[in-house]
Every structure is written in structure tokens, then in C-alpha cells.
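Protein chains in written order, with the numbering used here: chain A, 349 to 755; chain B, 33 to 465.
Please note that a few of the clues may not be correct.
When the alpha-carbon atoms are kept at most 30 Å apart in a straight line, the in silico DSSO-like pairs for lysine-lysine are as follows [stated by the list, open to error]:
no., chain 1, residue 1, chain 2, residue 2
1, A, K704, B, K390
2, B, K125, B, K36
3, B, K168, B, K74
4, B, K125, A, K704
5, B, K295, B, K361
6, B, K361, B, K390
7, B, K125, B, K302
8, B, K74, A, K718
9, B, K125, B, K390
It should be emphasised that the hints constitute simulated quantities derived from the structure, not laboratory data.
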Amino acid sequence: MATSGAAGLDPPEEREPERHGDDRVASSLTARYSDWVLEALDELPGSFLLTDPSMPGHPIVYASRGLPSLTGYARREVLGRGARLFQGAATDRAAVVAVREAVRAQRPHQAALLNYRRDGSPHWVLLHLAPVFHARDGTLLHFLAVQVPIAANDKRRAPPCRGAPGGLLAACREEARVEEDFPCASHAGKVFVDMDKRGLEAEEPRVASDSEKEEAISTANSIVSALNRYSKLTGLMVSGKRPDSVGIPALSSSFNFSLGRIKQSFVLTHSCLPDMPIVYASDAFILLTGYSREEILGCNCRVLNGPGTSLEALEEINQHICSEQACTVDLLCYRKDGSSFRDLLHVSPIRDASGKVAFHIWVHLDVGAKHDFNGLTPEVWQLGAVGAVRVAVRGLSASGSLLRPSQ
Amino acid sequence: MEMKLTIRRVPTVVSNYQDDADKPRPGCGRNCLGHCCLPVSKLPLYAFKANPGKSSQEDAASAMSFVNILLTQWEDRMARGLFRYDVTACETKVIPGNLGFVAQLNEGRHLKKRPTEFRVDRVLQPFDPAKFNFTKVGQEEVLFQFENGAGDDSYFLNSAPITAVDRAPNVVAINVSPIEYGHVLLIPRVLDRLPQRIDPESFLLALQMAAEAASPYFRLGYNSLGAFATINHLHFQAYYLSVPFPVEKAATHHIPLSEDTMKSGVTVSKLIDYPVRGLVFEGGNTLNDLANVVSSACIWLQDNNAPYNVLISDCGKRVFLFPQCYAEKQALGEVSQELLDTQVNPAVWEISGHIVLKRRNDYEEASETSAWKLLAEVSLSEERFEEVKAYIFTAAGLVQADEEEEASEGEEATYAPVPAHPLPVSEGCLVLQ
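Just chain B, same shape as in the assembly:
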């Protein structure tokens, strides 16, 4: 008999159509995103440019940027009352300390609902059409389709038929329980009903969105099943927050790669002096190169039942990969009651340093120490991390260069930390057209 590991938690409601998803519906007259409605509908369309580096800049004066359009549409949905609460009414602060964890008090994010049971020992689960998925979302929750314009310039159309005739459109929808202003979901090929699992093409799309946003403050995140994804329908999350994330400021140790594995231009580093162990993938001759390397790593993890979270940062130039084990620990009863009582589910945003707290006490007393303590529980142990890292390297076709060569240069027993990657801008300067 198979042993199942489960935890009980209150799932986040990301769509207004989520709660009654399980109830039988008479028939769709609702303008949803399913096969019944979507193919004959029109939605706004954002066509991103094929080459992030090149842009003609000619229409710079009158054009609106990706983030502009996203925030404008988001504000419109706010005006229409589509969100469950006003996230800007939630207190937020940067906790004093080296890393500057960002804490938010959100007492209303989770309904006073009964917790649901989630299986945490299966990272890959088949898509279940009976459960809530994004084809059941109403079109008013969609901000725009997000497709490759295949040209040098991007463009936006307020109303366009569903463009991709050969395959399903990618859509950007609002998260009705936002953790920050502008919180959206990127759903690749919505009609294909892909389960929550990373594949190279979808990951590339996420990188392309980060590149198109062209802002270090617009990040994308991914949670695998077992790492606090609520919905088993492939989606990434994204939002804009104009402060640096703690993980982006953390020091990293560059892992030297052997000559031939450096062809893709992707470099790998390990996070140090950060509560959660993780790898940082950077660069790549093209976005495709970076997407391939990272998705290979993710595929290994999901095929081997290892839950993980991914943060796409710095306009798609830096990707953080965090294998985690909190849910497993929780299921096995290994997490202290104190931590459980905070009800924080450490998914990608929390791991990156943006922590939403549900109790005022926790918020008032939040400190770098308390944040560290929580996140340290999420991390794989050093030993386990090194094991997983080795597998990931093999899966991604990376070969670590000889350790001896490196040790001969420095005298210290521990690696001298290379100072962190450039800090993204810490204050917002918005260029709105």
C-alpha cells in the first residue's frame, strides 16, 4: 500500500472562479478560457519583441512599456472590484538588517476556510480537469495574451482575436489574492491544460516576459507541486516591487565549469550566507541557452520527486533554483509548532525574502533573525544539497571544473565570497509613457 505524505493548508484563492469549481455548472455562457469560449473570443494582446537586446526606440516618446500596460490594466481590474482585498492597504516594511527582508501583514489573504489536504510527495501529478484550473477563469481576469511578436518591436492591441492558430494562447491573468500590487499569473498555452511542471518552452516564455519587462523589480516565480503550488495547471507568478529582494543581495560563490560546458555562456553559482541553499544561473548567450540549462535542472528535480521553487530575476538574466523540503518536513511532523502557527507557506516569494504574515504579532516582531529561522527550515541540508546539485549538473550537461585548480590560488579554508551581483535599483523610478 502506498504511503502518501500530505499536509493540510488553506489554499490561496487566485481566481474568483476557484471556489465553486467543483460544483456542476449548467453550461458555459460565462466567457471563460476553455475551449467553449476562448477560441472565438477577443482579448487584449501584448506581442513581445523577438530580440530583447534590439529595439528601435523610435516610438519611445509615445509608447507604453510592458510594465506600464500591465499596471494600467491591473488598476483597471482593481477599479472593477475584481480583487478580494486591496493589497495596498496591507502594511509593508523592509526589516532592518543586512538582507532587508520585506514583511507584509495580510490578515485577509486566506479565507477563514477549512484547510484542504495537499499531497506533498508527488511533484508530478496528472492534470485533473475536474479540479479548478485556469480554463475556468473568467475573461475579465485576463489582462492580455502574451505572444512572441517575432519582430524587432513589441506592440499592444486592446482587442485581438486569439492569435495562435496552431496552438493555445499564453495568457496573463490577475491573481485575485495578490501579495503585491500588480501580482499576475502567466499561463502558457492555457488551452493545452498542462499540469504544473516545467518544460523548456514554457520556461523560455517566462524568461521572455522578464526580459520584456526590462525591470529588475519585475520578477517571475514558480512553485512546483510539493513546494506550495496550489493549482496543478502550469503557471508562473509575477509582480512588481521596487525594493531589492534579499536573495538578490546575497553573496554567491561562482562554480567554475569545465571548458566545454561553458559554451552556452551560462554560469552557475551557489548562494552563500543565505538561509536557503540554492543555485544561481546567470547569463547564457541567448535566453534560450539559459532556459535550456535551468529547465533541464528543473526537469531532473520534478522527475525525481524533489520539490523546488524558481525565481527569475534581473530581467531574466539571473535565475535562482531552490530545492526545498519544508512540506515534507511538515507532513512528517518535523516542523516546530511555533513556525507552523505563523501559517507561512514558504514558496518562492517567501524564500526570496518577501514574506506575507498573517498575524499582527508576527509582523510587529518580524526580524532578520526570525525570517532566517523560518527559511532555514525550508533548505535542504548541505549534504543533501550537494547530492542534488551533482545530479542537477549531470542533467543539465554541466561539468564542474577541478576543485584543485581553484584551491591553489587562495590560502583560506573557506571560499572568499564574491560580492553579490549588482544590486537592482532600490528605489522606483518609473518611466511612464
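Just chain A, with the same shape it has in the complex:
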């Protein structure tokens, strides 16, 4: 069966996400952080939300104690819904577009917005938005959104604040940290704000005072601290391979995000670095071979070779790599535990926007295992991974967001 829409290549459609069970929403946090994280967040003052961009509809997964008094919504009411519910007819469209862009680009953002309470009454808030990333592999975990009410005294006509001034949020050293300017984007933004409502040119936008901005920043920092404190990810073992992978370029979080959706078992190797190290491994690959991501990143693909691996097949791969061509070979590969499997392996060069070969993709298929090829032949089905990587690399590198900016 083929489908489109939310399960397809792109963002979920713009519609109100279905109400998720509370447990599913809560597990968005407790899966990554310990169960205590909810209590810790409950202790923080102010009105703020956490949203999960990896769930359909990019729903709110946490609402703070301070939310009801500011917005009139009960905390449970907003869980599972999109954050657009706070906007209304007179919310400035350009400001909403800017928020949406920031969400897509996965960068921090501050803006004054006209929001609506539950009873329909409008009020001005300073929205402070920031992404929360996994420090090790750059995955986008959540967005935090802090709402600080803007008092009515300053009515100068001025554009809402855009962008994040440097040093807005202190970089944290632990597992979860918030990145600053980040030139890439994701689809999550499409459902984060509702674009169907056209902003009427109503009253002039308010400007947040310095103390209001500081309050927002301080709340955001407290949230990140709480997440760090209760992160399940501390204590992750660093394997012996780690020193080798120092020096592999980190892929941008958008790139990681795109790659993460590809179902085939594959790795990407960096074509220009010595010995073509692996810079990305899909979940299916990890499952197939038994290596952990930390172990495999930075290695050359030969780790999968073993006594029964055909030398002719390896030679064929080498020749094709040299001549910048794709090839498919059938060879014996070895898992971490030493067991072998017959692998239908497709290797292809992937060019970036400069037209030069930047990566190679190695798509594996365990011939012995059961797969759903969706009506295609196995060889053609594998090419799905190649096509997806090509368009991701081309689009992202054309806009300069393929790799993470060097720290």
C-alpha cells in the first residue's frame, strides 16, 4: 500500500493533530529524561510549553503550572494540541511566519505576538522559542516556548524582535543543550503555527521591555537546566572508537532528521576524508549489524568484512568508487557478534550542490531476512534510500545547511 501525507516524505498536513493519549504525550519527555523531569518542570514559574517536533502535528507535550493563569487554558487541555491554538484572527501574520521559519530552521527566536486566551480575549506576549538538541548526535528533541505577558505601557510602532542575539542562552555542557544560530530547517514548523488565519492589520505591535525579555531568557535557561539534570542520557558509554571519529564533520540537524526517516539499512561515508569514514548510520543498519552508533561512526565500511567476504566483490566496489559510479554486489558481511549474512549491497556516490562527490551511500539488504518491498524488486527498493539522500543533500547543500557550522 502506498500512502502520502503524513507518512510521506514531508511534513504532516496542516490539520489539528488528533488528541493523543496523555501517556503518549508524557512519554515524549519521560522516554528521554527520567520520570522526575515532570516534577522538576512543575516547580518552575512562568508560562511555558514543550513541544515534540517528531510527533505528528508537532504537539504540545508539556504545559507549565503558570499556563492557566496566563492563557485561561487548563494544562491538560493543551496537551497533544499544536501551539497555534494560542493564535487568532488579529495575530500578525508576518510575525507568525517568522516563528514558523525559526522552528523550521531549528533556531532560537523571540517575538512579540498577539495571542488569544481561552475566552477569546487577545493579549500580547513575548514568545521565546528555542530548540533542545541531543548534545551527542544533534537530534532535535523538543522545542521550548516561553510566554511572557507584555505590559501595555510601550506602544511604539516597531517590528517584533526577530532572531536570537548571541549569547541568549548559555551553552550547556551536558547531554541536552540548546544551540544558537543554526542555519537549517525542518518540517516541524509547518504545523507549529496555523497559517490559515490571515493577520488583520490591527493594532500596532507591542515591544517587550528588557525585563520581560530577561524573564523569558531566565525561564528558558531554567527549563534547560531541569532537562539536563534529569536527562536519561547522562552516563552514556563512550566506546574506544570515539577518538577516530574526532574530525568527522557533524551533519546538520536537518540532515540528520531527513536521514532518520529513511527505512533502509544504510551508512553514509565521507568521500573526501582519509579512509572514507562512516558519518551516518541508519537505525536499520544498527539493528542489522549489532554495532552501536558510537562504535561505527568514524570507521571504514571494512568493519563488516570477514573471512568469507568475496575479494572480487570488494575489488568491484573499489573500482566503482574510483570511477565515481554506482554498483550493486552480493557478498557475505559480518555482524558485530561474528555471525555472517548474505548482503545485497548497493554503493553509490552522492554529490552535493557543488556537483562534486561528497558522500557514498552503502545500502545493505540482508537477503535471508524478510522484507516488505512494497511491490518493487529488492534492488529497486534499495534505491529508495539513494533517491532520498540525493534530494536531501542537494537541497540542504544548496542552501548551505548540510553540515553543522564548526564549533
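The hints should help you fit chain B onto chain A, whose structure is shown.
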């Protein structure tokens, strides 16, 4: 004696069977798309869902999306060596600026062939079976048939007999001179040999494809004759590029419609702050509504010999219509040599902001200014555009609401631009099954 306006240009080769189309052929043993072969052949089939909004999502975990399947098949054809060049080896960049024009350097897209003469003053021309058309394409260039599955879910079959018994199948074929990875041609009812002209049913099919792709990065485009269509056999083009198109970011001014003409739910806006004047049709209670309104406009244009280009964007929710006059200007010698030397034929993709350049100099020096300058030549003048707009409105059954009502609200002499329609996602996040 009738005066003919023509220009000379090198036509793009979209099929490997195009070059020797004019040579006599002994007899078809080739598995083409003509009456000789197609009806008894089997091709992959993609059946799209009847209602884009509804989908059961049950098989979401294992299913492959439309774009997935298209790219997978496309990569397969690449592996088979069917393309004239590797488009991913062509340098591409987003030009810094407000609109972010996308420039590509493709030195090999056009053969070092002699240019052919194209008539540019006749938008409607009868189908000529002697010339190249898509029934002459080999089946290996076809990715799949594209038919309405008439159900709640879409499905894909790797091999299916030609389904529609009562009429010709719609096919999706590769463009062997792609301007981007995944560049395909949608050919409605291939056996019916329709000339390049829009009709409501075919336009609806194009919208349905955009809706099925469900990605703001998968757009469809149409060039009329006289607006740089090369082949007089009805076809749309489509490809996937995960950056926003400049035209999609441009500001628009909403044109208020009178009460009774709003029943279809279609809204119309005019592009502003963009080098090419155009109309933007959006919404519609159903895809059918949008298809009817836009195709009425296109039909007026083609019946009145006005060349135009159409861009279908945002999953079929936004359609841009650009009446243009570049070819006419070129034929009358009114285009500067400098622009002519770039050899850019401003068709729908170029107008939308994706510009393929043939000379390295042009690519290195490409700027928002140079792109604007080129595209400004394509646009109708303000005066002429307003005239055409009025005719289009009448043809599409639209009535503009009173200007007075609107002017009384704002004090400014010029319209305050409504910020652009939501930006599509600027970076690709692919969900592959």
C-alpha cells in the same frame, strides 16, 4: 499573406526517442507508448486516492509515499543510464538576496545542435503526428501510470495492465534532460494525442498529482506553446527540490471578489514585488473548483493567443498563472543581445525562480539583480496585465469587488502588501518508508 513570428532555439531533448522521431521507422517492435504497443503492455501503476484529505494512515509504517516511489524509480532509470547527463553533477546554489533565486550551471543540457525554428505566435496548434510526441517514447522511460484509485487509500503496483479501458492511461515519464533530480513529465491520456493545451480534466489531474505528492517541494509546471513548450503533445512537468522557490516567497495582494463569485472558495491574488506579473489562485472548496477556475483562465489565454506559464505549488493549493511575452519580444528583436546570449528560455521554472544557466560566467556572476533583469523582460506590462486580468476574470466567472470599499480602510496610496503565503519548508526532511 499571414505573418508568422518565429524564434530559433535549440529544443530540449526530453526523450531518448526524440532525435530520430522524424526518420521513417520500419515498424514498431520497440515497446513504445503508441496504439501498437501500449494497450497490450504492462506498466507500473500508481493509483492516487480520491480524496486527498482523508487517508487511513494505517499502513503508514510500511507504505511508501508517492514521492518515495517516484524518486526510487527515477534512481533506477539513472542506474540504467537513461539520462543524458547526471544532473546532480551540475552546480547549484541559492543566490543571496531577498527572494533566493536558485541558479544551476548546466553546460550540457542543450546539445550542440542546430537551433530549430519555433512558431511563437500561435498558442494553439493542431497535433502533428509526424513530429515527435510522447507515443513515440520507449516504455523504459515511463515510471508508472497515474490513475485515480477512486478509493480512500492510494496503492502502487509494480506491474499492471493498462487499466483504463474506456480511455487512454495517464503516464509519468522521465525527462532525459532533467533540470533537477526527479524531473518527470505527466502526460494525461497519452493515447489521445492531445495537443499542448489545457483542459479542466487534465488540469485537475495535475492538481491531483500535487496533492498526492503532499510535499511543498514537489511542484508541477506547464508551458504553453509560445511560452517555451517544446513539444506539442499535452504534458506537465514536475520535480522535487527542497528549497523554496522565489515566487512562493513573493508578497501578494489579495483581490477581493464579489460575494457570489466566492462560492467556489477560490481566492485570487496578484503578485507584487516580483519581476513577472502574475495571478495566484488559491484554495477552492475542492480541487475541482480550483481546477475549473484556473483552467477557464488558461483557456481564455490560449483561445486568444496569449502565451502563458503555470506553476502548481504547495501540494496543489496554490497555482501561479503568468501570461508572458518574451518569445514575442524575441521574435520582434526587442530583447537585448546580452540577455539572448545567456540562452535562457524563461519558461515556468525560470519564472518561478529556478534558473538554469549555460555559461559559467553567467553562473558565477548570477545575482538577484541579474535574475530580476532577465525575468522582468518576460512580464507583461502593468497596463497589458490589467487588461488580460480583466478578461481572465470574466472568463473564469470572477467578479472583482468594488475598489471603493477597500480604499476607504487604508490611508496609503499603494496597497500594503500582505505578507507572503506560508513559506514551504526550506530544508528537506524526508520520510521514507
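Going through the hints against the structure:
Our distance criterion of 30 Å between C-alpha atoms is met by K704 (chain A) and K390 (chain B), whose separation comes to about 18 Å. Restraint check for K125 (chain B) and K36 (chain B): the C-alpha separation of about 39 Å exceeds 30 Å, so the hint is violated. The hinted pair formed by K168 (chain B) and K74 (chain B) meets the criterion: a straight-line CA distance of about 16 Å does not exceed 30 Å. Proposed proximity of K125 (chain B) and K704 (chain A) is supported: the alpha carbons are some 13 Å apart, at most 30 Å.
Using a Cα cut-off of 30 Å, the hinted pair K295 (chain B) and K361 (chain B) is violated, with the two alpha carbons roughly 39 Å apart. For the proposed pair K361 (chain B) and K390 (chain B), the alpha carbon gap of about 21 Å is at most 30 Å, so the pair holds. Proposed proximity of K125 (chain B) and K302 (chain B) is supported: the alpha carbons are some 28 Å apart, at most 30 Å. Distance check on the hinted pair: K74 (chain B) and K718 (chain A) sit about 27 Å apart at the alpha-carbon level, within 30 Å; holds.
Straight-line distance between C-alpha atoms of K125 (chain B) and K390 (chain B) comes to about 14 Å, which keeps the hinted pair within the 30 Å bound.
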